[in-house]
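Trainee: Let the hints inform the model, and build the full structure from the sequences given.
One letter stands for each residue in the lines below.
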Amino acid sequence: MYEERFDGRKFDELRPIELETGIIPNANGSARFKIGGTEAIAAVYGPAEVKPKHLERSDRGIIVCKYDMMPFSVPDRAKPGVDRRDMEISLVISNALSRAIMLDEFPKSMISVYVYITQADAGTRCASLTAASMACADAGLPMRDLIAAVAVGKIGDSIVADLSKAEEDYEGGATDIPIAFLPSKDEIVLLQLDGEVSKEELKKAIELGRKEAEKIYELEKAALKRRFMYESKG
Amino acid sequence: MLFVKNYDVVTPGEMLADEGIGGNGTYSEGKKVFSKFLGTVILSNGQINVNQLNGAYMPKEGDEIIGRIAAVEDTYWVVDLGNSYYCRLDAREANTGYRVEDLSELMNVGDVVYAKILRVGRDMSSSLGLRGGRFGKLPANMLIKFNPMKISRIIGKDGSMINMIRERSKCDIILGKNGVAWVNGDKLGKEAVLSAINMIDTDAYMGDIFERVRETLEKFSINKDEAR
Numbered sequence: 004m005y006e007e008r009f010d011g012r013k014f015d016e017l018r019p020i021e022l023e024t025g026i027i028p029n030a031n032g033s034a035r036f037k038i039g040g041t042e043a044i045a046a047v048y049g050p051a052e053v054k055p056k057h058l059e060r061s062d063r064g065i066i067v068c069k070y071d072m073m074p075f076s077v078p079d080r081a082k083p084g085v086d087r088r089d090m091e092i093s094l095v096i097s098n099a100l101s102r103a104i105m106l107d108e109f110p111k112s113m114i115s116v117y118v119y120i121t122q123a124d125a126g127t128r129c130a131s132l133t134a135a136s137m138a139c140a141d142a143g144l145p146m147r148d149l150i151a152a153v154a155v156g157k158i159g160d161s162i163v164a165d166l167s168k169a170e171e172d173y174e175g176g177a178t179d180i181p182i183a184f185l186p187s188k189d190e191i192v193l194l195q196l197d198g199e200v201s202k203e204e205l206k207k208a209i210e211l212g213r214k215e216a217e218k219i220y221e222l223e224k225a226a227l228k229r230r231f232m233y234e235s236k237g
Numbered sequence: 156m157l158f159v160k161n162y163d164v165v166t167p168g169e170m171l172a173d174e175g176i177g178g179n180g181t182y183s184e185g186k187k188v189f190s191k192f193l194g195t196v197i198l199s200n201g202q203i204n205v206n207q208l209n210g211a212y213m214p215k216e217g218d219e220i221i222g223r224i225a226a227v228e229d230t231y232w233v234v235d236l237g238n239s240y241y242c243r244l245d246a247r248e249a250n251t252g253y254r255v256e257d258l259s260e261l262m263n264v265g266d267v268v269y270a271k272i273l274r275v276g277r278d279m280s281s282s283l284g285l286r287g288g289r290f291g292k293l294p295a296n297m298l299i300k301f302n303p304m305k306i307s308r309i310i311g312k313d314g315s316m317i318n319m320i321r322e323r324s325k326c327d328i329i330l331g332k333n334g335v336a337w338v339n340g341d342k343l344g345k346e347a348v349l350s351a352i353n354m355i356d357t358d359a360y361m362g363d364i365f366e367r368v369r370e371t372l373e374k375f376s377i378n379k380d381e382a383r
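Going down the list, the sequences are from chains U and B.
Going by my numbering, the first sequence opens with residue 4, and the numbers climb by one from there.
Going by my numbering, the second sequence opens with residue 156, and the numbers climb by one from there.
What the hints contain is simulated information worked out from the structure, not anything from laboratory work.
Honestly, I wouldn't trust all of these hints.
As the list claims (entries may be wrong) - For each label pair, taking beta carbons as the anchor points, the in silico distance ranges come out as:
| id | chain 1 | residue 1 | chain 2 | residue 2 | range |
| --- | --- | --- | --- | --- | --- |
| 1 | U | E21 | B | L157 | 51 to 59 angstroms |
| 2 | U | E52 | B | N318 | 32 to 40 angstroms |
| 3 | B | G178 | U | E23 | 27 to 35 angstroms |
| 4 | U | E21 | B | S307 | 42 to 50 angstroms |
| 5 | U | G176 | B | D278 | 50 to 58 angstroms |
| 6 | U | P74 | B | D327 | 49 to 57 angstroms |
| 7 | U | Q195 | B | M319 | 51 to 59 angstroms |
| 8 | B | S307 | U | M105 | 20 to 28 angstroms |
| 9 | U | E91 | B | V264 | 38 to 46 angstroms |
| 10 | B | I310 | U | M105 | 24 to 32 angstroms |
Here the structure is a predicted model, which means the values were calculated and not measured.
Here a beta-carbon is modelled for each residue, glycine too, at the ideal position from N, C-alpha and C.
Mentor: Take a look at the structure:
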């Protein structure tokens, strides 16, 4: 039975969050998202000419995403370069982003999204997705909504939010469920599941995820506006 | 009901009104109006508009642009506007009055051209026109790149900002809506224009930009007096 969390958090409490935009001057848009021991930096370039040319679509733009973990981001060195896991996460990030970005507004062009994990302590795909969506908004791309992503899960018999690595490795069995929302549209753009969970528990987990994503969404909006606070005075 | 007021900064997906008419930079779902961009709200004539704070240039009919010749073909030039879209300038726009065998005699690859966008196709490809005004090939001179969304800040209210820069730097400036400025003048004047435009580009949102640009330009004119 898992009754108290390792770091003393409540079951529905997120780790401390830091958000920042405009950190990479050379990119069209960039963002940094830190949640506890997990930190992701994202840079967005484009819309630009599509390369390789065969990916081009004449009626809409495309998103190409690259997710990578820095060698020093984990206790054992992560081998540099794109492996199977990086490819999977790149794909789910670009799929989720294509639901949020209005791609039909820039046909025949390509948006490149680069996400790097500088520190990893579980929940990296959610952190990447949140950072990437903020970078896209910072780049001035037309979007239906921002993406707020959070990892929920089941540890022992309890449903908890924002698992850390120690919790994911809990001997009593842990299930990791990353969820991403378009909060103002109430749409789910990413839902993955690793472990065992019953139907009722999954429903409870999604409900918890929705509540936590709302919190992240508010922080995202505040961070994007913070840079332009003087603009509102006219 | 309207949830925002003029000059509010909004993020993508933020609901602006649950009943209203959306203009530029917004999208509607039923009667609700949402923002499409990270930008500032401008209310005009009962319409809700959102002005982007950052972003890429998208060609629009009637825009005056500064481009670079990317290729010379038999009957047209291909012009690079600094984005990914194809743009062509037809030979008949050059209006020479006589037959030109080789178009590169008039304008060659790398030349800078000031033109107006006549048409934009569905795939964002556009064609340019040279009739009227100062349109045509520009002599080689300093080009400044800036964020295309900041052009209204560089122009200012009724051209107040750009006219001040022109006056104080004594430079001839042409602005292209695709985020390129062409500057002709003496060396110090060009430096003054460069620092003024860069300042608007990077910290326009920090308030009192007009005053701060004026101070910067003044510094350059003081240096000029000292140099004499």
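Trainee: Confirm or reject each hint.
Mentor: Hints versus structure:
Against the hinted window of 51 to 59 angstroms, the Cβ-Cβ separation of U/E21 and B/L157 comes to about 33 angstroms, which falls outside the hint. Remark: the range hint 32 to 40 angstroms for U/E52 to B/N318 is upheld by a beta-carbon distance near 36 angstroms. For the pair B/G178 and U/E23, the supplied restraint of 27 to 35 angstroms holds, since their beta-carbon distance comes to about 31 angstroms. As the Cβ distance of U/E21 to B/S307 is approximately 33 angstroms, the hint placing it in 42 to 50 angstroms is violated.
Judged by the Cβ atoms, the range 50 to 58 angstroms given for U/G176 and B/D278 holds: they are separated by roughly 53 angstroms. Evaluation of the 49 to 57 angstroms hint for U/P74 and B/D327 yields a pass: the beta carbon distance comes to about 53 angstroms. Taking the beta carbon of each, U/Q195 and B/M319 are about 56 angstroms apart, inside 51 to 59 angstroms as hinted. Checked against the given bound of 20 to 28 angstroms, the beta carbons of B/S307 and U/M105, roughly 23 angstroms apart, stay inside it.
Checked against the hint of 38 to 46 angstroms, the C-beta distance between U/E91 and B/V264 comes to roughly 44 angstroms, which is consistent with it. For B/I310 and U/M105, the hinted distance range of 24 to 32 angstroms is satisfied, since their beta carbons lie about 28 angstroms from each other.
Comparing the model with each earlier hint shows violations of hints 1 and 4; every other hint is respected.
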